[in-house]
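Q: One letter stands for each residue in the lines below.
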Amino acid sequence: MPVFTGTTRNLIIKIDEFFDDIDLGLLVFREGIKAYLEKDMSAFQRHLQKVDQLENNADKLQRAIENEMITHSILPQHRSEVSTLIDELDEIIDALKSSLNEINIEMPDIPSSLNKNFISLTETSINAAEELIPAARAYFKAPYTVREKLLKVYYFESETDKLSFSTKKIIFQEMNELDLAHKAHLRYIIHHIENISDLAQKAADLLSGMAIKIVM
Amino acid sequence: MILFFLTSGLFLGWSLGANDASHIFGSAVGSKMVTFRKAAIIASVFFILGAVIQGSGTSHTLDKLGAVNAIGGSFTLALAAAITIYMMTKFALPISTTQAIVGAIIGWNFFTGNHTDSATLGKIISAWIAGPVIGAALAILLYIIVKKFKKSAGIHLIRFESYVKTGLILVGAFGAYSLGANNIANVMGVFVPAFHLKNLDLWIFTLNSSQQLFLLGGLACAVGILTYSWKVMNTIGNNILELSSEAALVVVLAQALVLFIFSSTGLSNLIVKAGLPPIPMVPVSSSQVIVGCILGIGLYKGARNINFKVLGEIGLGWIISPVASGLLTFFLLFFMKNIFGINVGSKVTESIIIPEPATNLTMSVQTDVSGIIKYLLLGLFIFGTIGIIFYILLENKKRREMQRSEEKFWKNMK
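These protein sequence lines are chains P and L, in that order. The first sequence maps to residues 1 to 216 in the working numbering. The second sequence maps to residues 1 to 414 in the working numbering.
For the record, the hints were derived by calculation from the structure and aren't laboratory data. Any given hint might turn out to be false.
Here are the simulated DSS-like cross-link-like pairs (lysine-lysine), alpha carbons at most 27 Å apart as the crow flies [stated by the list, open to error]:
(1) L:K309 <-> P:K141
(2) L:K150 <-> P:K213
(3) P:K213 <-> L:K151
(4) L:K301 <-> P:K213
(5) L:K411 <-> P:K60
(6) P:K213 <-> L:K309
(7) L:K301 <-> P:K141
(8) L:K408 <-> P:K50
Generate coordinates for the entire structure from the input sequences, incorporating the hints supplied.
A: See below:
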């Protein structure tokens, strides 16, 4: 019987570890962007490596969690939703890794006058994803509190949109010294950072529905 | 020949297993918390235990309704009830074996000119009504308790589900035991007055005549569970109301409690000691109780999720089954008596049996059935042990293969 085996405990530990990886990945991504803006490339490389390692670990955990849920018939009614949620969260850490890699390859020239804007944008976008993690944890322990926790995700996502809009406006309307290719490149980087909060919102939509279903 | 007359009872037992016993684990299997294989094995074992240990209480009530005093009559009654149940099961309608057998006994009473004891019939029908009502009330109460516990305890969802899963297995075992104790009278009750077997000594304990019949009936039910209950389990589990895992646990527990209440002489004696009226020992319709339990939860949730069409179909089955079974019994008895010349029973007037023309198939039969049962049990024991060992080996092999493939996957990824 499942209650007498360690399967349940192991699975709970793995899910918690998966959430920890995402949480830590977000933190490292934020520091990585800051390091890049401050031109501290060794710190940036270190952060990139760390995100890569966390993403790999998250992938392993995702696979292990899904396997255990299927083989031990755990959460049969919510299994597909939990798997989708984990998949959505994994997409966030994948996006963190690919964004840092893009920056590492393309080395965008970000004018120092935009540093503040980029830092704010990164902070807000990462905040949206960070607020998703406690909500996802709450789904398993206190599903009644999930929806109130998700409010912050939606708030930060809309703030990210505003910041992204204003930064792009500055780039395209006020910085006439930059050529169009440079402007487009900066827009592309902004889009990468903004994408994290969009992914968080997508996961939040799913989590919100899951919470209603489980509470009913 | 005697064994041939038992076949209709065994067929009825098979029908009970395929239909009524599936209600115990229907919600659990329907909600995918317990696999069908596990559910079927647990239900089979505990059904047999309940039937043999505690099955005699309710069989007395059926005796009072109509004590079938010829093996030919018992055979025909059981056959008519079994055919009715088989036909209804074929259409995936969860009908009641209790109602089919009561309908058959009334049909026999009509045919033989016996008076149907209205007091006993009233007691049975009132228990049929009380069963689902108590089931619904218990289900609501238990559901509220489980929900409150889940909310206040703050247990991890996965841990809670594993508790529910374990609970479903334990409660399912209890439910199967209660069903065996309560419903075996429907299968073998009509044979008890007409069969007298030698006591069977199994070294640790001894089985009397009725217990041996209940054991045979229980084994037939187990075959029914293993071979044909899958379809009905899905009807119960999914069609009336989509059940959450905790609701499935509550439904099985409430049903098991209701069946236990109506079959436990010990509990009844305890209530009498407390100065309350005794609980009638009546075979309750497990179909009605389970629908009552599911309906209770549906009503608590606001009645939006209930599939009333399926409920209507089930209700229709309840009316059709006793009527169809009664009519079929009447006609089958007519053929048995007038065409095959088999004694199907006689009129009982104030404990005096009016004798029928003598045949070799009257009451008080001593047979070698006990010996057959002994070898059957030995065979089952050996087969069961081999089955368990094979299952463990297979599971271990699967786990090892899974582990190996996982290691290979990550090795290739590197």
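Q: Regarding the pair K301 (chain L) and K141 (chain P), is the alpha-carbon distance no greater than 27 Å?
A: holds (22 Å)
Q: Hint check: K411 (chain L) vs K60 (chain P), CA-CA at most 27 Å. Holds or violated?
A: holds (12 Å)
Q: If you draw a straight line from the CA of K309 (chain L) to the CA of K141 (chain P), is it 27 Å or shorter?
A: violated (37 Å)
Q: Quick one, are K213 (chain P) and K309 (chain L) close enough, alpha carbons at most 27 Å?
A: holds (24 Å)
Q: Does K301 (chain L) pair with K213 (chain P) here, judged by a C-alpha cut-off of 27 Å?
A: Between K301 (chain L) and K213 (chain P) the Cα gap is close to 13 Å, so the pair holds against 27 Å.
Q: Would the hint linking K408 (chain L) and K50 (chain P) be met if the CA-CA limit is 27 Å?
A: Roughly 25 Å between the alpha carbons, so the hint for K408 (chain L) and K50 (chain P) holds.
Q: Given the hint that K150 (chain L) pairs with K213 (chain P), test it: the Cα-Cα distance must not exceed 27 Å.
A: holds (15 Å)
Q: Please work out if K213 (chain P) and K151 (chain L) have their alpha carbons no farther apart than 27 Å.
A: holds (15 Å)
Violated hints amount to a single one, hint 1; each of the other numbered hints is respected by the structure.
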